[in-house]
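For the record, the sequence lines run as chains A and B. Residues in the first sequence are numbered from 300 upward in steps of one, following the working numbering. Residues in the second sequence are numbered from 82 upward in steps of one, following the working numbering.
Treat the hints with care, as some may be off.
[Said to hold, decoys possible] If you want the ones that stay clear, here's a sample from chain B, every Cβ over 10 Å from chain A, calculated:
hint, residue
1, Val-263
2, Val-282
3, Asp-382
[Stated by the list, open to error] Pair by pair, the computed Cβ-Cβ distance ranges are:
hint, chain 1, residue 1, chain 2, residue 2, range
4, A, Glu-462, B, Val-204, 54 to 62 Å
5, B, Lys-162, A, Glu-420, 33 to 41 Å
6, B, Phe-194, A, Pro-509, 48 to 56 Å
7, A, Lys-593, B, Asn-212, 22 to 30 Å
8, B, Thr-160, A, Lys-438, 17 to 25 Å
9, B, Leu-367, A, Pro-511, 49 to 57 Å
10, B, Phe-388, A, Lys-506, 56 to 64 Å
Because the hints were derived from the structure by calculation, they are not lab data. Note that the structure is predicted; figures quoted are calculated from it, not measured. Where is the CB? At the ideal position from N, CA and C, for every residue including glycine.
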Amino acid sequence: MGRIIRHVILGFALLLAVSIAFTPSAQAAKEVKIGFSMALTGPLGPAGKAALLAMQIWRDDVNAKGGLLGRKVKLVYYDDQTKPANVPGIYAKLLDVDKVDFIVSGYGTNLIVPALPIAMERGMVFMGLFGLDANAKFKYNNYFQIMPAGPDPIVDWSRGFFELAAKQKPRPKTIALLSADAEFARNAVAGARRNAKKYGFKIVYDKRYPFPGTSDFTPILRAVKATNPDLFYVGSYPGGSVGIVKAAHEIKLEPKLFGGGMVGLQYTAIQMNLGKLLNGITDYWFWAPEKTLKFPGIEAFLAKYQKEAPKQKLDPLGYYLPPFAYAYVQLLGNAIEATKSFDQAKIGAYIRNNTHSTVVGNVKFGKNGEWATSRTFQVQLQNITSNKMSEFSKAGKMVVVYPEEFKSGELIYPYAKGK
Amino acid sequence: MSKERKLFLIVAAVLIVGAFLITTQMENRFYYKAAYVVLQYVVLATAWNILGGYTGYVNFGTAGFFAMGAYTAVALIKTWKPPLYLLLVMGGLVSGLLGLGIGYLTLRLKGVFFSIATLALAVVLQMLISNWSYVGGGAGTAILKPRSVPLFSNYDEFLFFVMASIAVISVAVAWLIEKSWVGRGMAAIRDNEEAAECMGVPILKLKLFATTVSGALMGIAGAPFSYFVVYIEPTSAFHLDYAVNSLAMPMIGGTTTWLGPLVGAVLVGTAQQIATVTLSSEMNLLIVGSLLVGFVVFAPDGLVGLFGKIRARLAGREA
Numbered sequence: 300m301g302r303i304i305r306h307v308i309l310g311f312a313l314l315l316a317v318s319i320a321f322t323p324s325a326q327a328a329k330e331v332k333i334g335f336s337m338a339l340t341g342p343l344g345p346a347g348k349a350a351l352l353a354m355q356i357w358r359d360d361v362n363a364k365g366g367l368l369g370r371k372v373k374l375v376y377y378d379d380q381t382k383p384a385n386v387p388g389i390y391a392k393l394l395d396v397d398k399v400d401f402i403v404s405g406y407g408t409n410l411i412v413p414a415l416p417i418a419m420e421r422g423m424v425f426m427g428l429f430g431l432d433a434n435a436k437f438k439y440n441n442y443f444q445i446m447p448a449g450p451d452p453i454v455d456w457s458r459g460f461f462e463l464a465a466k467q468k469p470r471p472k473t474i475a476l477l478s479a480d481a482e483f484a485r486n487a488v489a490g491a492r493r494n495a496k497k498y499g500f501k502i503v504y505d506k507r508y509p510f511p512g513t514s515d516f517t518p519i520l521r522a523v524k525a526t527n528p529d530l531f532y533v534g535s536y537p538g539g540s541v542g543i544v545k546a547a548h549e550i551k552l553e554p555k556l557f558g559g560g561m562v563g564l565q566y567t568a569i570q571m572n573l574g575k576l577l578n579g580i581t582d583y584w585f586w587a588p589e590k591t592l593k594f595p596g597i598e599a600f601l602a603k604y605q606k607e608a609p610k611q612k613l614d615p616l617g618y619y620l621p622p623f624a625y626a627y628v629q630l631l632g633n634a635i636e637a638t639k640s641f642d643q644a645k646i647g648a649y650i651r652n653n654t655h656s657t658v659v660g661n662v663k664f665g666k667n668g669e670w671a672t673s674r675t676f677q678v679q680l681q682n683i684t685s686n687k688m689s690e691f692s693k694a695g696k697m698v699v700v701y702p703e704e705f706k707s708g709e710l711i712y713p714y715a716k717g718k
Numbered sequence: 082m083s084k085e086r087k088l089f090l091i092v093a094a095v096l097i098v099g100a101f102l103i104t105t106q107m108e109n110r111f112y113y114k115a116a117y118v119v120l121q122y123v124v125l126a127t128a129w130n131i132l133g134g135y136t137g138y139v140n141f142g143t144a145g146f147f148a149m150g151a152y153t154a155v156a157l158i159k160t161w162k163p164p165l166y167l168l169l170v171m172g173g174l175v176s177g178l179l180g181l182g183i184g185y186l187t188l189r190l191k192g193v194f195f196s197i198a199t200l201a202l203a204v205v206l207q208m209l210i211s212n213w214s215y216v217g218g219g220a221g222t223a224i225l226k227p228r229s230v231p232l233f234s235n236y237d238e239f240l241f242f243v244m245a246s247i248a249v250i251s252v253a254v255a256w257l258i259e260k261s262w263v264g265r266g267m268a269a270i271r272d273n274e275e276a277a278e279c280m281g282v283p284i285l286k287l288k289l290f291a292t293t294v295s296g297a298l299m300g301i302a303g304a305p306f307s308y309f310v311v312y313i314e315p316t317s318a319f320h321l322d323y324a325v326n327s328l329a330m331p332m333i334g335g336t337t338t339w340l341g342p343l344v345g346a347v348l349v350g351t352a353q354q355i356a357t358v359t360l361s362s363e364m365n366l367l368i369v370g371s372l373l374v375g376f377v378v379f380a381p382d383g384l385v386g387l388f389g390k391i392r393a394r395l396a397g398r399e400a
């Protein structure tokens, strides 16, 4: 018995020694270390890798100019495997073992929230990458989220879709809502439900489909078609978005406005898969190669990204997430330069109180660290004639129809006319 | 009480006190968080082994029992925020009762059919939780952990201490079962159920006891999960990792003794924690997969069995 316990204790000691041996030694003090977890494997792996490449491009850009306040930037990151349970340990390692100077979030709400209390406890600035209302409960004043969903993200997400619908003549009257049974899609459709009430559209269909696990959308869309809605708002993930678009064409479902919260239609691979089937769909968008969206630095960044992305087998055009992944570290770097300080409180106050010029445009933060005003574009896919990649890198294909300020073309209404 | 039992319980008490003393000496939170995950797997592997190792009924539904503990805690936190010890009790109770109910319904099934039923249980529970909006549904919910806790300088240290205590108690429970007539009865069921029944072993009662205790321990391990991860949603709470690891760890350590799951969980859990922050995460899965295949092929009795064989061979050579 005693021998067994001795062996167990010896085993613990050995494992501790191994873990210490694997711990990197103290790094050169002159580097500014920015630590984060990123989904490099798991369901969000492909997008996470693209975000990482964007951040590495920013690091190289900054270091080529001499670093931040004369110190070179080093990114310290670990793969969270798209598992929220890995995030607390990773951030504790970054702060207590790697001794990073700054932390930024991984990709997505589920992977941001587990790190938020850690940033709060340490009083650190925490930049978020595509979290949907992640700070709603914590209300941490040094959290800043780069996705332009707006101060009330759940409602603002679909506001543009409904404003567009409300302007059409004759005014549409009914709407069908369909959502994947998971976090983002349910939130997007919950916001759409509130907007439908606000704008006075009658909800004639409001259902969820199992996610993951639904591959044939034909029966679901037949049920939608039976209600003959004027508008069809969908909250879906990439696989479902493809299935829904194909099924809608198969059964000739032709509402007057179709789309809204379909994730995936912004990805080049899916655009190339669907090609002409995308014509007429109006969906949320964050950036497109339109003349109204030529923010300073975006083209230089995309040129670097598009050169490297094919080698790493990432989204070759990178219009969706990569510009924002570049921008959230760019914004942090700019704040460090502007305050001439590494003091977290000063940097937090600077980010909170100023408007920031980034590759994704001017950013001003408001309530809970979300954008002060929503800038979620509604884009209508128009004039797509083939499945080639070059089709989607040109202006005039992903036409910004909302908001007015960034409008690059007119909405083709009804949807059937734009097909 | 036998001398061996006294010594075991003293060691268990010393380990719990030791865990508390560590929190007064060490500040690095990474080690607490990493240790929490390893200790959580000690509990899950030990719990799995009570049914899978001692009794021979392979449970693929660990994630279901674990998540039920976690979501019981979430429901209670959302209702009236009780103290953590009550969450542990309630998490254990709900998962224990679930184990009892499932045991009653499925223990007439044997072998692979029982395993499929437990896997289905986890899927059904995940669907139920995904549609229960009070606990966040499919979208998940953020849980605010208490800002401070008496005797500990932060909540991470407290959670580490709690999970260390649960791990010690779980191993103690497994040890007590193994050394009692209950453990011998379970071993008889594992070796030959019909023969055991003929010899008067109360097989239904023992199997129900095993599913209940196993489920309860998994539920207790899940109860503090929402405070650890802060944001809980069904995909992560019902993650297949829990089922795979809680099965692989006893297989690697050895399924027939209390020591096997402990050794397997510490070894594989620590390797996974190191791999997460050193190697790529594909390596993480590769480690578990390779170890599992290697042990099943070359050392089916696990590390404990392997050491036993080596020791017996050395003893034979000396003789």
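Structure-based check of each hint:
no. : hint                              : result
1   : Val-263                           : holds (20 Å)
2   : Val-282                           : holds (27 Å)
3   : Asp-382                           : holds (16 Å)
4   : A:Glu-462 - B:Val-204: 54 to 62 Å : violated (41 Å)
5   : B:Lys-162 - A:Glu-420: 33 to 41 Å : violated (20 Å)
6   : B:Phe-194 - A:Pro-509: 48 to 56 Å : violated (25 Å)
7   : A:Lys-593 - B:Asn-212: 22 to 30 Å : violated (45 Å)
8   : B:Thr-160 - A:Lys-438: 17 to 25 Å : holds (22 Å)
9   : B:Leu-367 - A:Pro-511: 49 to 57 Å : violated (24 Å)
10  : B:Phe-388 - A:Lys-506: 56 to 64 Å : holds (57 Å)
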